[in-house]
Amino acid sequence: MVKIVKSTILEAPVEAVWAVLRDFNGHDQWHTVVADSQIERGQPSDKIGCVRRFHLADGAELREQLLMLSDIDMAFSYCLLDTPIPLLNYVAHVRLIPVTDGDMTFWHWESRFDTPPGREAELEKQVGEDIYEGGFRAVRDFMGLSSPSHGGGA
Amino acid sequence: MPRVFVSSVINAPAAKVWERVRDFNALPRWHPRIRESRIENGEPSDKIGCVRAFSLQNGDQLREKLLGLSDYDMFCTYAILESPMPLTNYIANLRLTPITDGDRTFAEWTAEFDCEDEAADDLVNGIGGNVFQGGFDALKRHFGG
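Quick mapping for you: the protein sequence lines, in order, are chains S and H.
Just so we're aligned, residue 1 is where the first sequence starts under this note's numbering, counting upward by one.
Just so we're aligned, residue 1001 is where the second sequence starts under this note's numbering, counting upward by one.
Please keep in mind that the hints were generated in silico from the structure rather than gathered at the bench.
Some hints here could point you the wrong way.
Label-pair restraints from in silico Cβ distances [what the hints assert, rightly or not]:
1. S:A16 <-> H:N1125: 22 to 32 Å
2. H:E1116 <-> S:E15: 23 to 33 Å
3. S:P13 <-> H:I1091: 24 to 34 Å
4. H:G1059 <-> S:K3: 40 to 50 Å
5. H:T1088 <-> S:V20: 34 to 44 Å
6. S:P117 <-> H:R1141: 47 to 57 Å
7. S:I85 <-> H:G1049: 45 to 55 Å
8. H:I1091 <-> S:M143: 34 to 44 Å
Which stretches of chain H does chain S cover? Using the computed rule of at least three CB atoms under 8 Å from a CB of chain S, they are [to be verified]:
9. 1004 to 1016
10. 1092 to 1100
Quick caveat: nothing in here was measured; it's all calculated off a predicted structure.
Glycine residues also receive a C-beta, built at the ideal position from the N, C-alpha and C atoms.
Full structure from sequences and hints, please.
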């Protein structure tokens, strides 16, 4: 089983970041790898159990189900139902925490999944770098935020 | 029940920051408000249940009991046994999480306690500002940002 944890600091208040991330169907607005997305059966995107069906830029179709969404914790969890990429038993968790020292946001994104034997490293890199770190960059761009100042902290 | 929450970004890997704060008896080494500290009964400072008796720069004396310590999750939970502050049932948690983007540290310090309603604002501001943010400021200075 592969476990991925990626985290970053966004120089924006946590409420503003949550407003972008809480829409389970909103990732095609900001993530550069997502071409289009819709919620099946016309359900609201904050209904637990709803399924988002989306396409990547290369045409691959994926379906993911919302397992948990909490406004008080600013967190959500989801799993993959169908994917041409061999990520098995994939469950991911996204969580935002306020950085009170500077009014910024800590964004934590983690997942666990199985892969076919021998493909662990390749898929870990693909998910961790293209999806998660790429997602951090994409939301920064979407919100018009500056890149992280690794030397600065707060 | 009043709650204090303070969080910060420290410009050093979480393992380095944890090394500095994990010792329950090490407050005088890293927190500028603490003058001296000892663990009662000669117990090791990572024995769950051990008590630290310490004094602040202003002379105030406190005793705190270690309730939880995890090197894996990098957190420490403790309770106040005795202090000059007008509060009871005080439990605090100091937690570090790696920021993979830049290999830095996200530090959170929370506390909950009971007190008279009139005293709540002063206690929350004092603990959050002087103790928690003061500690993070010291860590940020130590680690250069």
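Hints, one by one, checked against the model:
1. Restraint check, S:A16 to H:N1125: a C-beta distance of roughly 25 Å satisfies the suggested window 22 to 32 Å.
2. The beta-carbon spacing between H:E1116 and S:E15, approximately 31 Å, falls within the hinted interval of 23 to 33 Å.
3. In this structure the hint that S:P13 and H:I1091 lie 24 to 34 Å apart at CB holds, the actual value being about 28 Å.
4. A hinted range of 40 to 50 Å for the beta carbons of H:G1059 and S:K3 is consistent with their spacing of about 48 Å.
5. In this structure the hint that H:T1088 and S:V20 lie 34 to 44 Å apart at CB holds, the actual value being about 41 Å.
6. At roughly 49 Å, the beta carbons of S:P117 and H:R1141 sit within the given window of 47 to 57 Å.
7. Checked against the hint of 45 to 55 Å, the pair S:I85 and H:G1049 passes, with Cβ atoms roughly 48 Å apart.
8. For the hinted restraint 34 to 44 Å between H:I1091 and S:M143, the CB-CB distance of approximately 36 Å keeps it satisfied.
9. A stretch counts as covered by a chain when three or more of its residues have a beta carbon under 8 Å from one of that chain; for the stretch 1004 to 1016 of chain H and chain S the count is 7, and the coverage holds.
10. Counting residues of the stretch 1092 to 1100 of chain H whose CB lies closer than 8 Å to any CB of chain S gives 4, which reaches the minimum of 3, so the coverage claim holds.
Figure legend: structure checked against the earlier numbered hints; every hint is met.
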